[in-house]
Structure formats: C-alpha cells, structure tokens
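We have chain A; now place chains B, C, D and E with the ligands onto it with these hints.
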Amino acid sequence: MSDLHSPSTAARQVTFRGGGFAPSSPRWIGVAVFVVLLSLAELGTRQGWISPLTLPRPSDVLLTFQELYASGLLWAHLSVSLTRLLVGAALGASLGVATGVLIGLFSYVRAGLVPLTAALFPIPKIALLPLFVIWFGIDEGSKYALIAFGTFTPTVVATYGAVDNVDRSLIRMGQSFNLSWFSIVRKIVLPGAMPGILSGLRISLAIAIILLVAAEMLGAEYGIGAYILEAGSLYDLERLFAGVTILSLLGITMSTIIGQIERRVLSWRQ
Amino acid sequence: MSDLHSPSTAARQVTFRGGGFAPSSPRWIGVAVFVVLLSLAELGTRQGWISPLTLPRPSDVLLTFQELYASGLLWAHLSVSLTRLLVGAALGASLGVATGVLIGLFSYVRAGLVPLTAALFPIPKIALLPLFVIWFGIDEGSKYALIAFGTFTPTVVATYGAVDNVDRSLIRMGQSFNLSWFSIVRKIVLPGAMPGILSGLRISLAIAIILLVAAEMLGAEYGIGAYILEAGSLYDLERLFAGVTILSLLGITMSTIIGQIERRVLSWRQ
Amino acid sequence: MDIRLSGVSHSYDNFEVLRDISLEIPSGRIVCIVGPSGCGKSTLLRFLGGLEKPSRGEVLQIGAPPSDCLNPLTYIFQDFALLPWRSVRGNISLVLEDHGIRGARADGIIADVLARTKLSDFAKALPKQLSGGMKQRVAIARALAVNPAVMLMDEPLSALDSQTRELLMDDLVNLWTRTPFTAVYVTHNLAEAVRLGHSIVVMSRRPGEIREVVHLDKPLDQRQHGDPDLEEKQKYLWQLMREEARAADAELVHV
Amino acid sequence: MDIRLSGVSHSYDNFEVLRDISLEIPSGRIVCIVGPSGCGKSTLLRFLGGLEKPSRGEVLQIGAPPSDCLNPLTYIFQDFALLPWRSVRGNISLVLEDHGIRGARADGIIADVLARTKLSDFAKALPKQLSGGMKQRVAIARALAVNPAVMLMDEPLSALDSQTRELLMDDLVNLWTRTPFTAVYVTHNLAEAVRLGHSIVVMSRRPGEIREVVHLDKPLDQRQHGDPDLEEKQKYLWQLMREEARAADAELVHV
Amino acid sequence: ASGRKITVGALRFTSHSGSFIGFERGYFADAGLDVEFKFFQAATPMAVAIASGDVDYAVTAMSGGLVSLADKGAVKIIGGALSEEAGIDGQKYLVSDAAYQAGITTPAQLAGKSYGITTAGSSFHYMGSKMAAAEGIDLKFKPLQKVGAIIGALKSGQIDAWSIVPHLAKPLAGSGKVHIIGNVSDYLPDYQVTTVFTSAKNASAEQQMTRDFLAGYSEGVAEYNATMIDKAQGDEGVQALVDLIHKYVYADRPREKAAKSIINGTMRLNEGAAMNTASLQDQLNWFQAEGLVDKSISLETVIDPSYVQTLG
Ligand SMILES: Nc1ncnc2c1ncn2[C@@H]1O[C@H](COP(=O)(O)OP(=O)(O)OP(=O)(O)O)[C@@H](O)[C@H]1O
Ligand SMILES: Nc1ncnc2c1ncn2[C@@H]1O[C@H](COP(=O)(O)OP(=O)(O)OP(=O)(O)O)[C@@H](O)[C@H]1O
Ligand SMILES: [Mg+2]
Ligand SMILES: [Mg+2]
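Protein chains in written order, with this note's numbering: chain A, 5 to 274; chain B, 5 to 274; chain C, 745 to 999; chain D, 745 to 999; chain E, 11 to 322.
So here's chain A without its partners, still in its complex pose:
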C-alpha cells in the first residue's frame, strides 16, 4: 500500500485549513506604534491642530526631561520614590503573602479574613489620606503605609488563590509519605503557589506605582509623585508628561524584572 499507483484523473491537493489563532508579536511593530503616535503629537502641536492646552509637544517633554536630568533633580526625585516604592511594596507584599498563605491553610483565618479583605479592597486609598497623616505621621511612615496598604489586599487575594490552586494530589502524595505538616507547607504548598504569587505581584507592583502619587500628596518635597502633583497644580503639561513617562517606564521595568524572576525561579514549568 505504501507503493504509489499511477495517478488517477481527479487527484488534487488536500486544502489547507489550519493555522491562525496564534498571534505572534514582532517587536518592531510596538516600537513603530510609539514612534507614529509621538510623531503625530509632535506634528499636531507644531502645526497647531492640537492646542497646547490639550497636549504638550513631545520634544518639549523630552527637553524638560533633559533639564530635569541635567539639574540632578531626576535622581533626587527618583531615589526617594524608589525607596518609598520598595519599602512600601515589600511591606505590603510580604504581609500580603503571609496573610494569603494563612488564609489558604486555616479555616478560621479564611473565614475571618476573606470578608475583611473583600471589604477593604474597594476602599480608595486617597479617601483615607487625612487619616493616614494622623495614623502614621507626615514623614515617610505614612507614605510607606499607604503603598503597603494598597499592595496588601491584591497580594492577599492572589496568594490565597494560588494556595487554593496547588495541586491537591501533590499534597496527598506528601501525606501518603508521612511528611510533616510543616514539610508539606514548605516543600509542596509554597513552591506550588509560587507562580500564582508572582503573577499577583505583577498587579500589586503596578498598583504600588499608581499609589506613589497619592502617597506623595502627603507632605513630600521630592519624589516623582510630588513632581507630578506640582506640575499638575501649575498646569505645566511638559513636566506633567515627563513625570508620567517616568512612572510608565518604572512600571515597564518592574514588569520586566518580574518576568526575569519568573523565568529563573519558575524554569521548572512546562
């Protein structure tokens, strides 16, 4: 049967109908989109069909950015903001992971804390600004607290979801080999929850960056958030956009770093 017969009259190729539904993403298009958008904005503001009230000229934003860099203030702003971000997010995320794991493991903790987290989640942190001053003072404390509070709830939700999703059959395996409770948590539950925790952290860190502005409403002299707020209150669009661009870059950097960590720590994934 594997030998070929003489070709019969009505032979035709089987039509191809597969393929598709697997979008790839060549890098250059992303770059091109940014270039096109920025050029449009530049052209529009130069030729006047975009009013200077609506959008600053991209080249002016770049200039502002260079001035900021040259004045040395960029680093002054960035360093305090980064410190706030790191301390606040580290605090919120580590407490969040710990709480999430406890919720994932203990019925009573779950029953008590899940409704509380659900109630805390939709509270806008900026509404509580005046209280944060009273609770944590106007120094770094209140800024750390605000960012920590904002990252805490999403981290908790992501973490206990991740613990819930750890393959129960692996846990049964651990029990069937008489592993201690603590061994099971340390060697099976935590590593198994790691992918979920890391992807939760992606969201938490984006929220932390967003909250930077709210945190720096509280008596901050330096910081990207304070810089943006001041630019906003003076309706200085160039500086506003320069600040926003910095936050945006910060967000992309954070997300890239987590991607790297995932690639390294979760190399065992299929």
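Hints were generated in silico from the structure; no laboratory data involved.
Hints are not guaranteed to be accurate.
Distance condition first, Cα-Cα at most 30 Å in a straight line; then the derived DSBU-like pairs of lysine-lysine [unchecked claim]: (1) E:Lys270 <-> E:Lys241; (2) D:Lys797 <-> C:Lys872; (3) C:Lys979 <-> D:Lys979; (4) C:Lys979 <-> D:Lys868; (5) E:Lys48 <-> B:Lys129; (6) E:Lys123 <-> B:Lys129; (7) E:Lys165 <-> B:Lys129; (8) D:Lys872 <-> C:Lys872; (9) C:Lys962 <-> D:Lys977; (10) C:Lys977 <-> D:Lys977.
Just so you know, these numbers come straight off a predicted model, no measurement behind them.
Below, chains B, C, D and E with the ligands alone, put in the same frame as chain A:
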C-alpha cells in the same frame, strides 16, 4: 481471600494521615470578626483610649448614615455615582473586551497594542486630572472618561489572557469541520474566553469603584466620591467613614453580582 | 475518495519529524498507524486533514467525495474536543450550522446520529455530565453528522479506561459493518490496531519512517477478543516495535 | 505485614459508594482490584493507605512492618505526583528528608533505587524533561526508596500509552521477581490484572461490593503476553464485567 | 530656651515669606528656636499634620477642615498672616475669555454662572459666596480639588469665574485666556485670608515656645512688609529679598521668571501677626450658615487671642 481469618495478635488500625489543606469558611466567623472589630472601636472611642482624631465612633458613623438616609441625600449621592460607575465601567469594559479580543486574534494588533497597554497601566489616573478637564470637560464626560480609562487597561489584559487560554484543540476542531473564521470566533473563542473575561471584570469593577473618588474630584456636587472628598477636606471623620462604608458595600455588592452571573452563565464549568 | 501521501517529509525548524512517507488510503478501509511516542503520527494525521502543511511532498485526494458529504475529511480527537458550554445536541448542530442546516433538517440528522451512537436519551446533557466513553461517542456522532468521506482518528480511545475502550471498539466495528467508512486510525495500542485495521502501518521512531505495512484480511466482525491469529499478529508487531518503544521512552523530552 | 479490611462501607453524604467490603491482603503477593468506573476502587485504596476513614468497618494492619521500612503503606499514583520543581533526585530525597536521611546515606539509597528503575542517567533531569514512562518509573523509585511493606497502586499505568505500559509491566514483574513485595493494584485493564495479580478482586458497580475473587497460580515471570490460559481468565473476567461496565458508562455523572 | 527644635509647615507660596525670612535672617535662631520646614502640597494635610503633632506651627487659611479640627480640640488659631487691605493689590476675581467676550466685565454680571472652587469650605468658596451675597446673585460652585484643575477649566472656558492671589491672576490675565474683573478687597475689605495656627497643646502648654515663634515670625513679616511693600530699602532691597524667597518659591524656575511672580504676589502680611477677629467671626458664621461645620462652635473654640493683638 475475602473470608476473615482468626485475628492475629498484632492487629491494629491503619493510622489516619489524610485530611486538612481544605479550609472551609463558616459564615458566622466573618460576621463575628466585623462585630468584634466594631465593638472594639466603639469601646475605645467611648473610653478614650482611641482619640477622636484617629477613628470616629462607629455608632456616630451609623447615626450619620441614618441622617444621610433620612435627608434623602443618600439616594441623590448614590444615584449619580451609580450612573457614573455604570456608564464609565460599561464604556471601559466593553472597549477593553473588544480590544482584548482583537489583541488575542491578530498579530499586528497584539504587537502594536500590548506594549501600549503595558505603558498605560502604571499611569496613575489622578495625575492626569487636570488634563481630563481639558479633554473631556468638567461635566459628566470627564467622570465617565476617567472611570472608563481606569477599567480599560485591566480589562484588556484580562481579556487577551483569556483568549490566549482558550483551548487550542477546540479551535483546531472548529477548523477541521471547516467552520468559518467568524463562526470559530463567535462560537468557540468568545464563549471559551468568558470565564477569564468575567474574572477580569471583577478586578476592573473594583478599580472603577476606587476611581469614583478620583472622578468626582472634578466638579462634582453630588456623588459618594464628592461626599467623601468634602468630608475629608472638612476633616469630618463620621461622614468620611460613612462614605467609605458605602463604597465598601458597593464593592461587595458588585462582586456578589458577578458571582451570580458567573454561576448562571458559566454553569457548564466542571 | 482515496487519499495518497507521496514523499512527505517534515521538520519543525531544524527538528526532523517525518522522513519520506508515501502511503495510500483506499476507500472503505481502516488504516491503522502505530509507532513509538513522538514519531510523528499526529503530525501525519494533521497533514491528511489539511490542518498543517508538510515541508516536502504532497497530500492528494483522488476522486470526488460523495455529494452528500459536508466535510470530506473529518477528525475525531483523543480529547473529544467537545464545547463544554453546549449540550450534546448543540455540539452536533455546531458543525451543521455553518452549512446552513438548521431546524427540522438538522433535527433529523442529529436524531439519526444520536441513535447510531446510542445517545438518544442524552441530547440535552452537558459534556460535564457525561462519562468519558459517552463523550467520545458524542464526538463520533458529531463526525457522522457531516457524513465524512474519510474519518481521521487520533488515538480516539486512549483517554478512556480499558473497559470503556473495549465497549467503544465493539461500537466502531458495528458502525463500520453497517456502513463501511474510510478511516485513518492512529493508535499506540496494538490490540486496537489488530482489532480495527485492514492494514497496519508501523512507523520507526523519530524521524518517522514507514517500517512495514501489515495486512489483515479477516473481516472486522469476525475478529474476537483473544483470537489466536490476531494474537500472533499482535506479537509480531510488538517484536517490531519493542526496541523502538524502549528507546523512545528513554529519551529526554526536548523543551 | 498483612492488611485486612473487615466490613468496610462508605457513603459521601447520602451517596453510597462502598458496601460491606471484607478482604485480606497477604504479605508478598499482588492483589489486583478491577471494577467499573466509579465503583469505589480509589476510595478503597485511600482507606488502605489511611488517607481517608470509612464510615463503617475497620482497616487493620496485622503484624509489624520490617524494621528498615520508613513508610509501611506507600502509594504510587496514576498521575505520578512528582514535584515539577524538583529534579528526579530531589523528588526522591523529598521522602527521605523527613526521616532525617541526608548526605551519603540518602545518596546511597537514591543511587540504588535509580539503578533498579534504570534511571541512573537521569538523576538531574526535571519532570518536564521526562516521558510519561520515565515519570512513572521515578514515582516507583521514590516508593522503593522508603522500603514499603505494602505498595498501593492506583492505576499506575493508565496515564501511559500502551507500548510504555507493556514495558513498565515487564519492569514491575522484574522488580517483584527479584524481591517480592506486597501490593494492592487498582486497574481498569484486565490484561494488566491477569499479568500482575496473584489474585484479582472483581467489584460490582456503585455501590461497590466484591463480586468475585479470581486466583491465578502461574508465577509472574512465566506469564507471557498472549498466554492462552491468561487469555482464558481475561475473557472470563470480561464476561463478569461487561454488563456492569456498559451500565456504568451510560450513567450521567453526578455533579 | 535656646536651640529648641520645632517644625514649621509651609506651602511654597509667597504668603509664607514671613517664615522663610524669619529662618534665613536668623530671627528664629535669635528667639532661641531651631526651625525645620516641612513642605506641603495643600492646606488640609498641613492642618492634619498640626493635629497629629508632626508639625508645630503653620500658616494657612481658616478652612472648614481647620474649624473641625479645632472643634475636636486639636488646633488653635493664634495669629493672622495674609490679609486684604484697601489700596494694596490683593486677590482678584477672574473670568474666562468666553465669559468676558459674552460681556461679563464686573462680578455683578456673574448671575447663574459657574464658579471654580477647590472644595466646599475652602477660601475660594468663601470669596465667591460673599461676593454673590453682596451682589444678590446666584453662583454655581464647581469643586475641582486642585488649583491646576481650576486653571485648566477656566482657560478652556468650562467654568466662568474664579478668584485667586495676584501673582497667579496677573500672568493668567496676561495670556489673554482669562480676564480680571474685580478685587476681592472690594467685597471683603479686611479679609483675614490666612492665619497662623498651632496645636491646642502648644497653645496652652508651650506658651514660651509659641511666643518665641511668633516673635521670630513677626520680625520676618516686618522685614517683608517694609522691604516689599513700603520699599524701605528701595529696589535693591526688593531684589535681595526676592533672592531669598526664590530659594523656597519657584525654586526650579529661572531667577528672572520667578522674580516677576514673586513681586506680583506681594500682599501685606499682618504686622506682629495681629489677627482680625471680626473677619474670622464672619468666616465662621458663613461656615455655619452653609452647614459645613457644627452650629455650636464658637470663635473661642477656634482661636486663642492671648498671643497677639486683635483687630476689628
Ligand atoms: N508545532 C510543533 N512545533 C515543534 N515541534 C513539534 C510540533 N508539533 C509536534 N512537534 C514535535 O514533533 C514530534 C512528533 O510529534 P507528534 O505529535 O506528531 O508525535 P506522535 O507520534 O503523535 O506522538 P504521540 O504518540 O506522543 O502522540 C514530537 O517530537 C513533537 O515534540
Ligand atoms: N470526596 C468525594 N466526595 C463526594 N463524592 C466522591 C468523593 N470522592 C469520590 N466520590 C464519588 O465516589 C464514587 C467512587 O469514586 P472512586 O474515585 O473511588 O471510584 P473509582 O472506582 O476509583 O473510579 P475510576 O475507575 O473512575 O477511578 C464516584 O461516584 C465519585 O464521584
Ligand atoms: Mg500524537
Ligand atoms: Mg479511581
């Protein structure tokens, strides 16, 4: 072999080592936690070991709430806020779902828009308030736009993730039966992405509620956000907490409604 | 309608999967393909169904399919590929809708294929309510609904437990005996191959080449569980494959 | 060490799963349990391993396990249950660590069990790099590492393709022939049961009861693929089960 | 008491020059205080920071929030800072270009128009409301939270009117997008715009420190008034003081641009931190009439008049 021999000397029960790692959550504990926390706050503010600057007395908050209700203003605030929430979130979510589906289906859209969304995500919406005034005015337009903008990015990310996760073998099945591209999208891709889209909507709606306060910074006379902001600027903690409680309840209601929709629409899930 | 593969080779990037496969699938017969894991059986089947294109060689269909045939080349997948959000009925009507078959005409076809697969009572059930064997019978019913010229089956029974597998094999033999169909049946299971195949193509391990084609002349409905001559063939096939299988199983998966 | 089930019954809420099971598992023998889907085989095995408690009846272990036995009742799971983030070596050392076995002593045990399962070259590989058959051999190696008195196997081969299954059955027979172990082996596959079982327990469909216990006296290492007397037994078992299996397969799953 | 550490809250406005001069010229040091500044973006957080004890003294408008905090026994107003004074360039009423083109050239013509404020109970709200009452017209108040948002809304014609300090009003009017149509001092002649305040604890238990602070502050104010308004040292003196203030206000703008704004922003600060209790009483009455603060609050709860001279 199924007959029983006479019991030998060293017979003992096999030790039980399974169970655990399946936390349940009895409702009453959640309620109890709230009751205990509120009682503590009440006791503390009454006895003076919590200063009135730190926390309002829960009973006073309740009283404020009742006054608000009796004055008929509760409904005035709530109705405008709900309208803003619904219009803004509906706009942002529907655009977000549409964009997300396009990103999930087309390489060029994906390559162009994914980096753009990643860049937009960490931009704090409150930083852009002055611009929203120019772009969308100070009437309802800017409030809708702010909420829509805030719900857009997380919805996009959730949606294209959901489309990516649609079982490719179902799509191959559709192709193998010669279904048209449009049929495959409508009958396989969209229903398959629904669970992911709905759970993304959960987060988007929470964010919409959080942004209500930011949106109502812009020339709103009525609205829960405006109410909270006024209370904050007058340092009127009772009203501040009454407003925050309303937002919190709103968040829980939203999440319950989505849970109901999920139960109904996704009843086909295992 | 026959199908002919001539000189088909394929590589993914530089990873050679199939090498120079030539094969004819004659109308009205079941051709089984066996071979060790990763030798390219599924890939070959995707070429036959037009879901993928080989790097080299041709896949030809010879002669026209019958006129009442909606989808000449129709798959039955290992994982059933049922839409979990549609009922049994909805899963079958899915493949009719695109041909404009709705209403009474669709009802007629659906009732017929459900009866042939003994599923008439379960038209309204959702996939999650069905056992594995029933799910695969729904997939078979769906394939029958489009009246295929050739059925392409990729390990259709391997997700089932062995008892259900036995039952479904009986069902397939019954279906074929009543109205013979053409099928390419990929399997790992030599017992299935000798039970269902008119000819059995044995492939070497990757890069897959055809090692031997074994013919079985005994009519399908006379083949029995534990027939000595079938056992003989099966033993022979197992000898052909044993070393290949052991080597394939001891290879690290390329990731 | 023997194990005895006496009068075991079980219900989940009001859903009766097992009814009055009494059974003895003698030391050094392999007891196979076969039965239709959902008849409670896995549940029964969980009782034997102490992972769950029956509503009624007793599960007793008679006599002390050997002193060098770290985990008397040890499972081998259908889905392998390997930690994907640990290498082959790490997956085995996992079950030794809790007994304080580390360093050279652990290395010795791991090298021994890897050699017995022919995995010595793959100690550093991650599960994702292994084929299904290798994964299950790692799971067997892990079970051997704790020197179990009884091995509890829940369809250990059913996630594998049939060629790999054949190979692993040979491996299991070799392992047992060299050092006989006690095992309870749950399967859907009658061919596996007649190949590996010293006795075969046939269960009825849910609520599971013991229908018959079939004994096979032929030594394991003399059993061959396609032995006529084994075929005979298998045919007999299939007759016992055919109707039950068909009925079980046509039931809607309770969700 | 020498070298006592205190924290002073400030906004980067010229109206806080009294504190800046007091620090730079060493008047606080002379009074035995070691001052550290804390800068804020808005008045309410500063008031809250006083209440929480993070800041000892600060200068800001008597907002509704300040009154609430005073009512909670947390803060006290102890002196006056900026005030309107006839004959000196003070706060201005502004209208958008669109409204101006439509013929609105005096505040009286604003009937039914929209008026930008930051929040209910802010000084903007008070100025608009008092003007409307005087003219017998109705205004639609738009709370926009941030000065920047108000400027954007006014420039793009989405609100019709606003009032603001001269150093912001003048450059805005210069752009042609906004027009000045009146002076606040015409309606509120002795308006006590901003006040000096501290925590209730400082006011009652740290009397010496409070007096020391006010002494240093008053010297700063005196120098500011003498140099900037009365031109006692001529133009040279003005330039020297502008250099000093530029360290704190518009620090990131070039000297020339900043100087213009600083000079434009000159308004008289109360000598000796004297406070106009009549104006404060009027503001309190207005808050109560608007239902923004509790009706039972009396002026005595809010102010501590024992430190400075009271006017009015
Ligand atoms: N899209 C793809 N890209 C790259 N490699 C692929 C792709 N599809 C399959 N392969 C590789 O090609 C080889 C053959 O795959 P195929 O699925 O055809 O084998 P198979 O014979 O069906 O194996 P199995 O018996 O395990 O189903 C495998 O090594 C597989 O990893
Ligand atoms: N934890 C549980 N709660 C409720 N019902 C359960 C639970 N575990 C199993 N069941 C039910 O008990 C019955 C027996 O389950 P079990 O897994 O023991 O069957 P089985 O014989 O191993 O089936 P299979 O051959 O499909 O593996 C099934 O109907 C199952 O749905
Ligand atoms: Mg395959
Ligand atoms: Mg089972």
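Structure-based check of all given hints:
no., hint, verdict
1, E:Lys270 <-> E:Lys241, "16 Å, holds"
2, D:Lys797 <-> C:Lys872, "28 Å, holds"
3, C:Lys979 <-> D:Lys979, "18 Å, holds"
4, C:Lys979 <-> D:Lys868, "36 Å, violated"
5, E:Lys48 <-> B:Lys129, "27 Å, holds"
6, E:Lys123 <-> B:Lys129, "29 Å, holds"
7, E:Lys165 <-> B:Lys129, "21 Å, holds"
8, D:Lys872 <-> C:Lys872, "29 Å, holds"
9, C:Lys962 <-> D:Lys977, "25 Å, holds"
10, C:Lys977 <-> D:Lys977, "21 Å, holds"
Checked against the numbered hints above, the structure violates only hint 4.
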